[in-house]
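Asker: Once you've looked at the hints, dock chain B against the given chain A.
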Amino acid sequence: MGGLAYVLTTGVMVIGAVNGQNNLLFWFFGLAVAGLMVSGVLSGWVFIGLSIRRVLPGVLQAGTESKIEYRVLRRGLPTPGFGLLIEELDVEGAGEPRITAMVAHMPARGETGAFAAFVPGRRGVMRLRRVRISTSFPFGLVGKSVTFDIPEEVLVRPAEAVVPRRLLMSLGGRDDAGAQARPSRSGEEFFSLREFGSGDSLRSVAWRATARVGRPLVREMSDRSSRRVVIEPVVAGLDGAGAERVISVAAGLARSASRAGWRVGLRWGERSVRLGPGGSRNSDRILEALAIDAEVSGARLESGDDEGQAATRIRVIDGRGDARGLGSEDAGVELPSITALGGATSVGTGAGSVARASWWSLKS
Amino acid sequence: MKQGVTILDVFRVCLLLTVALALCAYALAERAPGLAVAMVVPAVAGWYFTEWRRRGESVEHAWGLPRLAANVLLLGVLGGASLRAWETGEFVSAFSAFLCAIVVLKLWEKREASDYGQLLTMSAFLAVGAVLTGTSLPMGLALVLMVPCLAAAAMLFQILESERQAGIAGKTAWRSVSRPFSVVAGLSLLAGVVVSVVLFIVVPRGIGQEQFGRWGGVAIGRTTGFTNQVDLSRGGLISESQTTVMDVRLFSEGMDRNIGGEGLPLHMRGVVLSTYERGRWHRGDTLEIQRVRRQSSQPLAFDTTDAAGNERVLEVTPRRAGSRSTPIFTVNRPKSVELIDLSRATDVLLETGPAVIGGLEGGWPRVYQVRYAMRGASRSELAAAMGSDENVRREISFPVARVRTTAARILRDAGIEPDPSLRERDADAGAARAIESYMRSNFTYTLEGPVAPLRDDPTDWFIHEGRAGHCEHFASAMAALCRGVGIDSRVVAGYLAGEFDESTGSYIVREADAHAWVEAEVGVGRWETFDPTPPSELSALQTAQRRSFLTRVARLFDAVQATWDGSIISFDQGARERLLGGGSGSAGWVDSSLWNLATSLRPLRERMGGRPWWWGLAFVSMVVVPVTLVVLIGRAIVGWWQTRRVGMAGGWAFTPQQMRALGLMLTALRKRGHEKPAWMPLRTFAEEVAVRDPAVGSLAIGAADALMEARFNSGGAATLERARALAAQIRRVP
Numbered sequence: 176m177g178g179l180a181y182v183l184t185t186g187v188m189v190i191g192a193v194n195g196q197n198n199l200l201f202w203f204f205g206l207a208v209a210g211l212m213v214s215g216v217l218s219g220w221v222f223i224g225l226s227i228r229r230v231l232p233g234v235l236q237a238g239t240e241s242k243i244e245y246r247v248l249r250r251g252l253p254t255p256g257f258g259l260l261i262e263e264l265d266v267e268g269a270g271e272p273r274i275t276a277m278v279a280h281m282p283a284r285g286e287t288g289a290f291a292a293f294v295p296g297r298r299g300v301m302r303l304r305r306v307r308i309s310t311s312f313p314f315g316l317v318g319k320s321v322t323f324d325i326p327e328e329v330l331v332r333p334a335e336a337v338v339p340r341r342l343l344m345s346l347g348g349r350d351d352a353g354a355q356a357r358p359s360r361s362g363e364e365f366f367s368l369r370e371f372g373s374g375d376s377l378r379s380v381a382w383r384a385t386a387r388v389g390r391p392l393v394r395e396m397s398d399r400s401s402r403r404v405v406i407e408p409v410v411a412g413l414d415g416a417g418a419e420r421v422i423s424v425a426a427g428l429a430r431s432a433s434r435a436g437w438r439v440g441l442r443w444g445e446r447s448v449r450l451g452p453g454g455s456r457n458s459d460r461i462l463e464a465l466a467i468d469a470e471v472s473g474a475r476l477e478s479g480d481d482e483g484q485a486a487t488r489i490r491v492i493d494g495r496g497d498a499r500g501l502g503s504e505d506a507g508v509e510l511p512s513i514t515a516l517g518g519a520t521s522v523g524t525g526a527g528s529v530a531r532a533s534w535w536s537l538k539s
Numbered sequence: 002m003k004q005g006v007t008i009l010d011v012f013r014v015c016l017l018l019t020v021a022l023a024l025c026a027y028a029l030a031e032r033a034p035g036l037a038v039a040m041v042v043p044a045v046a047g048w049y050f051t052e053w054r055r056r057g058e059s060v061e062h063a064w065g066l067p068r069l070a071a072n073v074l075l076l077g078v079l080g081g082a083s084l085r086a087w088e089t090g091e092f093v094s095a096f097s098a099f100l101c102a103i104v105v106l107k108l109w110e111k112r113e114a115s116d117y118g119q120l121l122t123m124s125a126f127l128a129v130g131a132v133l134t135g136t137s138l139p140m141g142l143a144l145v146l147m148v149p150c151l152a153a154a155a156m157l158f159q160i161l162e163s164e165r166q167a168g169i170a171g172k173t174a175w176r177s178v179s180r181p182f183s184v185v186a187g188l189s190l191l192a193g194v195v196v197s198v199v200l201f202i203v204v205p206r207g208i209g210q211e212q213f214g215r216w217g218g219v220a221i222g223r224t225t226g227f228t229n230q231v232d233l234s235r236g237g238l239i240s241e242s243q244t245t246v247m248d249v250r251l252f253s254e255g256m257d258r259n260i261g262g263e264g265l266p267l268h269m270r271g272v273v274l275s276t277y278e279r280g281r282w283h284r285g286d287t288l289e290i291q292r293v294r295r296q297s298s299q300p301l302a303f304d305t306t307d308a309a310g311n312e313r314v315l316e317v318t319p320r321r322a323g324s325r326s327t328p329i330f331t332v333n334r335p336k337s338v339e340l341i342d343l344s345r346a347t348d349v350l351l352e353t354g355p356a357v358i359g360g361l362e363g364g365w366p367r368v369y370q371v372r373y374a375m376r377g378a379s380r381s382e383l384a385a386a387m388g389s390d391e392n393v394r395r396e397i398s399f400p401v402a403r404v405r406t407t408a409a410r411i412l413r414d415a416g417i418e419p420d421p422s423l424r425e426r427d428a429d430a431g432a433a434r435a436i437e438s439y440m441r442s443n444f445t446y447t448l449e450g451p452v453a454p455l456r457d458d459p460t461d462w463f464i465h466e467g468r469a470g471h472c473e474h475f476a477s478a479m480a481a482l483c484r485g486v487g488i489d490s491r492v493v494a495g496y497l498a499g500e501f502d503e504s505t506g507s508y509i510v511r512e513a514d515a516h517a518w519v520e521a522e523v524g525v526g527r528w529e530t531f532d533p534t535p536p537s538e539l540s541a542l543q544t545a546q547r548r549s550f551l552t553r554v555a556r557l558f559d560a561v562q563a564t565w566d567g568s569i570i571s572f573d574q575g576a577r578e579r580l581l582g583g584g585s586g587s588a589g590w591v592d593s594s595l596w597n598l599a600t601s602l603r604p605l606r607e608r609m610g611g612r613p614w615w616w617g618l619a620f621v622s623m624v625v626v627p628v629t630l631v632v633l634i635g636r637a638i639v640g641w642w643q644t645r646r647v648g649m650a651g652g653w654a655f656t657p658q659q660m661r662a663l664g665l666m667l668t669a670l671r672k673r674g675h676e677k678p679a680w681m682p683l684r685t686f687a688e689e690v691a692v693r694d695p696a697v698g699s700l701a702i703g704a705a706d707a708l709m710e711a712r713f714n715s716g717g718a719a720t721l722e723r724a725r726a727l728a729a730q731i732r733r734v735p
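Just so you know, the sequences run in chain order A and B.
So the first sequence is residues 176 to 539, counted in the numbering used here.
So the second sequence is residues 2 to 735, counted in the numbering used here.
Hints in this document: simulated from the structure, not taken from any laboratory.
There's no promise every hint is true.
Stated by the list, open to error - Cross-link-like lysine to any residue pairs, in silico, SDA-like; alpha carbons within 25 Å at most:
| id | chain 1 | residue 1 | chain 2 | residue 2 |
| --- | --- | --- | --- | --- |
| 1 | A | K319 | B | I638 |
| 2 | B | K172 | A | S320 |
| 3 | A | K319 | B | T656 |
| 4 | B | K172 | A | G224 |
| 5 | B | K672 | A | E327 |
| 6 | B | K672 | A | A292 |
| 7 | B | K172 | A | S309 |
| 8 | A | K319 | B | K672 |
Isolated chain B (complex conformation):
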């Protein structure tokens, strides 16, 4: 007789879809579609031979690779994965590849019922591995498809487990549950989506970032706009978002003339990154920051040596009010800043180091004005100010020898002495320009950031192998080459404002205008701006980007891509606050509390700076200890309540199970009119009941004895069960 479709059959299909989509998601996260085919085809074949062709047979008797052979192969896979992790340091990637191999192997293996659960668990972990590896839209689509399959498979697996325990494995017809199951699964999925979306939005961003190094971050495929660091090792896409970040107007010194205009792009520096660590430029840990609280519009002067006179005033109107902190954007180094129309107290952060940058924390003004000098101080002024000979140079270098060699070759080709000890200080500006020129003419600009192999220095790899990248690559490479020939240099991250609105006389700065360039010290304390990114290509790309944006909206995929990148991948605190309404209400209170907590913990973290795992342990303890306390207090309250309920004096330290049995017994006796006084020992009470009510006397004494045995004589579960049974019998006695 032909067997109809069973729950097991439907589960098998869901299992295959889950596994195949998990494998695809991981392969797409690795940007290797070929890998997806290479894994999915054997997985489907294994499933077909071990599952589909064996329909109607007992799961345990299905055909497949013997356990011994599977275990031998497993050992081989484990060895390969360990070797890969050892060589590349890509633990997530190696572990995910290992999971892929196990999943495929398990689909060929002779199977037991528990293997289904393992396959589902591994698929879920594989999805997490994909999330830790990449952020591409195809991967996201694979995950979006996988989640319902996984949920359905997990639900069906529970029914199959019940079937198995009832001794009717694989017997239940799908028809008997299909309709209600579909409804419940659909509603569960809907609830899951709602809950996950709510949590996705309400969880504050930016708090606790990188407390444990880079763990949990995405290995590749990050989408970056303006950030306070440049990290080439993580690759990714430059944000193409056209969201307006700020409006900027440029005034002459006396604020009497708007001097901005089309064709006069402004390099608006936000942060200066002077410390390099293997592909990552950051601000360094030794900055001295002065914090000044401002509650009204008063100018605040920066400590600079720039020349007086010939100043400009930049008026910045931020569009992303509500974020916790922001740099003070300016052109050149700021001389002073004035916050206008403050809604609440704001801290101005002044970095007193050579970078001369500032930041705002706590709240944004509606507008701020920054005054800066067009020209830096003269050489003699600087030398006098800094108390050093203008020809004396600090020893500057770059750690990668190949970069130093290339930098020297560039200068030799330009006819400039590469050895800093032999080169005149005046020639440094020419040397930097030569490197800038070399960068502009020998490299290709692209919005997609190539990813260097983990074992290579990303900047070195870009200069010598990749040779294509976005502004961060160019800036990093030029700064490295300058340092390679003894010229101190640093990467500056900010915006390149070029879109000028004639009607308002202001520059419109968008997220896509995020840019990185270089400042090089071409004399003592004299930092000049260099932009190694090819201006024509950058301009063409930015223009094409704007022109094509509207057309892309019309195309479905591009729209989804933009939504995916803009709404999901690069969702940050600013986006969150815009969505929730500017940090007000309960969400704002929670955010503030968390920020305050993080701020108060900062000194502790800084003290443990060199020992991130200690800090991690402390961080986890701060979560675990309160949770444990809450649980203990909760248990104590429940115990107290139960003690009150059963009328038992304290000090007995019954377990909850014993307490429940006691409660059952005393409740049954209470219903018969025997209330136990709190002071009376249980056995005595049971004996009194035996005298007053012989029908239940022996039962009460037996239950009391069993409880005593369970409590004081390690009676175990059987004794406790006996006590419960006797208590139940008391209840049934008429």
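Looking at chain A on its own, in the form it has when it is part of the complex:
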């Protein structure tokens, strides 16, 4: 449109110059034509001998800023390019985020890189198909672009809700024998800090914490936990955003429990994960399983799902086989805002803050 207006203005200018025999208008006409020619040449030549490669990150997670790198290679005419906009076209899945990057300067010959930062809005398989490189440099008169078919897929893990420690402790407050966890001097896991007392070994002093608070503190340890928990999200009857929230909390629970050294499993239809040892590897497996929708029968597991009553959305089965449901009172679980919205966005437009979820609580 801008180019058309420019051409029309140039046409009017030349008619005015001819009609008025205005030499300065003739000069302006010459400059306008020169602008068109330079514009066509610069924006057209930049695509000659251009190729692009997409470098996907190993892990993508909904609600978390992710970056895709583009390596642009050029072996064309010796005219550099500027302001090349790189866009992913036909993105499928992951909330279909708008993925764009910019190459400020593309050397005449050589390779350069650009990063597209974005926040996937949803878990799942994100399918990338075509990459378009476009530019309207130098004058915005002619927009030129070239599209590359580079089909690739990447798995986006669900967003992880931040689960309060007290919620976690109340979920799995008993070990295999049903005993309450208690502090022990010979334990392997950190339990808490307390003030230094008589009889305490100097080796148990937490020197950094002591320096911070200004009075001597010692570490209390506990025996290695053998707690275990199976998490079962219940998404039946929920809309897309609601289901995402439930899965996000399940992912947060799995991550927190694994970090605490629990054995964590997932009941998620055919993508269920057996109980595995604590640590990031197991929780990664769980998150990857949660990334894909599974054939689950939510209704079978549902309890108290009557209309108007708080629904149980996550069933937690502890080590004794007791099942508990999580309901709808405020328990301080924090969800990534982008997950709460159920959409996706590019980074740099204000995303990244967290929103407090008020629908979530533990109901035992």
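Answerer: Only chain B this time, still in chain A's reference frame:
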């Protein structure tokens, strides 16, 4: 952490320079330097508060006037500009002033990213407004400085737009692009200068002039030399060019004696302008022109009533050969003309009206000789020739009452009866001389032409308010005053030849010798020459001009000024042909073709004479229709080629996008060994492929179906996209 210089920062500086220089250019075009200060200072202040102090902040959140306040002010400015245009009729000036106000306002306004583009566009339009308003050198310098700033700002703006779309607005460091950007911008500018200079030179001048009235012309500040009209409403400077136009020798009747000499200036009349329209003298539309083609040196007689005997012969050697047309310059009315040493056929144009002038068209002779009479016919001879009583006078007047009153007062002061019905015809010569004398003693001669306000008649304004001007003002005023007291008069434009070269015995006529004077009818058919320009001042100025020319060359500004005026502002067809080598070669062929086209269109234009906009429409149509035809034919050829390429029978009328998708699909299948016969329907072909090559069968059928849907069922872009995607998948199948 301190942020380094970003592309946005550099753009902001370029933007400020562009805007400030555009405002300056317009103010200087209006010859109002104070206006430049009045506009640039608030513009810079606005830029400082809304841009520079807000560096590092998002553009959208920058501080500025709220939109509502800006819009209210905008409405006020629009009203003021409309009122000004209504009152003065200066639409370009009013619109440019409006643009100035918007630009300043926008620099104070709360801004969005798109506003930057608007500011740049308005600056460009402001520059065009300046070009339509004036031609002064300072304005030209401002424009010359503005163009690189505008180009750089436009380029940076495109990078910023990409930044914005990528969600990283204002983040890119200038350092990362500074060097290559400077190189590219510099080379682009150089290319732009070369292209513009080439176009400036090769575009023929004089063709299509004033087809749409005065639109596109310069409102003031024109530089004029000899022209075929006198236009006081446009003001301007008289050309000071010392370029030699012609050499002239004056001979006695028998050509046996050169009688020219220093101190015997010759008024060499070129055109006679007898129609007056609000400050503009022109030849009128009712001239009868006889065209005679001459291919050899034969005398050609003019139809005059001048007395026989006591004749003179003027031998003119034009220096500006190559122009398409020229008047036949002569002293008094010509009796005959002889073209000598013709290089090609030349048309001699003879005006058969009372002015008795001639012209040459098609080619110039090396020399032409004009024979004229020193004395006109006697009164009785003239009366007999014209078949009328010598005492009967035609009713002549001038449309402006104040001019008539002044003319009457001048005659009363000289003791001559101002009322033509009461005045003896013999007293007309005395009356004209009284007016000539009044002009010479009561007005000031200057080379700079003052400009009358648009609402005033320029001649009336010169006589009563301006009282200073150049020869065109003097001639116009005297002709108007003569008509005001019933004496028919006309303005003559030509050259005043006064520089005599003793060694060659010829007058050297330069562009700066262009002059205008008056012919008044002081008896029936008896026209006498009057020159109201004060001779002493004219002579002094012309002498000073010549003496100071060499000294001016030494001074830089004067040299630039002369170059600017001579090379740019007054570049015309003659200058162009001199530069390109006398109208030969391809440029000459193009010129000839355009001239022939213009000549062939002249009858059409004359038929539409009273309706210039109809003519304009026809003119534009003549451009638009061929271009449209070329585009349509081009599209048809491309369509045919694509049809051939994809092997599809005609009659489908695919859009180019659909054709490309089809091409993609059939090319992918061809690579797998499936060539589509031209006669076979696409769906049938896809089904056959499915049988022969199951790996791509479903894809081919899907692509064919999507194409059919896009073509026949208004499938839209998504369907077409699906077809393209399926075709791409066919290509990827191993």
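Asker: Between the alpha carbons of K672(B) and A292(A), is the straight-line distance 25 Å or under?
Answerer: violated, 38 Å
Asker: Take a quick look at whether K672(B) and E327(A) sit within 25 Å of each other, Cα to Cα.
Answerer: Between K672(B) and E327(A) the Cα gap is close to 24 Å, so the pair holds against 25 Å.
Asker: Does the alpha-carbon distance linking K319(A) and T656(B) stay inside the 25 Å limit?
Answerer: Within the cut-off at roughly 20 Å; holds.
Asker: Take the C-alpha atoms of K172(B) and S320(A), compute the straight-line distance between them, and say whether it is at most 25 Å.
Answerer: With Cα atoms ~23 Å apart, K172(B) and S320(A) stay inside 25 Å; holds.
Asker: Compare the distance between the alpha carbons of K319(A) and K672(B) with 25 Å, and conclude whether the hinted pair is satisfied.
Answerer: violated, 28 Å
Asker: Run the distance test for K319(A) versus I638(B): straight-line Cα separation, threshold 25 Å.
Answerer: holds, 23 Å
Asker: Take the C-alpha atoms of K172(B) and G224(A), compute the straight-line distance between them, and say whether it is at most 25 Å.
Answerer: With Cα atoms ~28 Å apart, K172(B) and G224(A) exceed 25 Å; violated.
Asker: Going straight from one Cα to the other, do K172(B) and S309(A) come out at no more than 25 Å?
Answerer: Holds. K172(B) to S309(A) sits at ~19 Å (cutoff 25 Å).
The structure shown violates the earlier hints numbered 4, 6 and 8.
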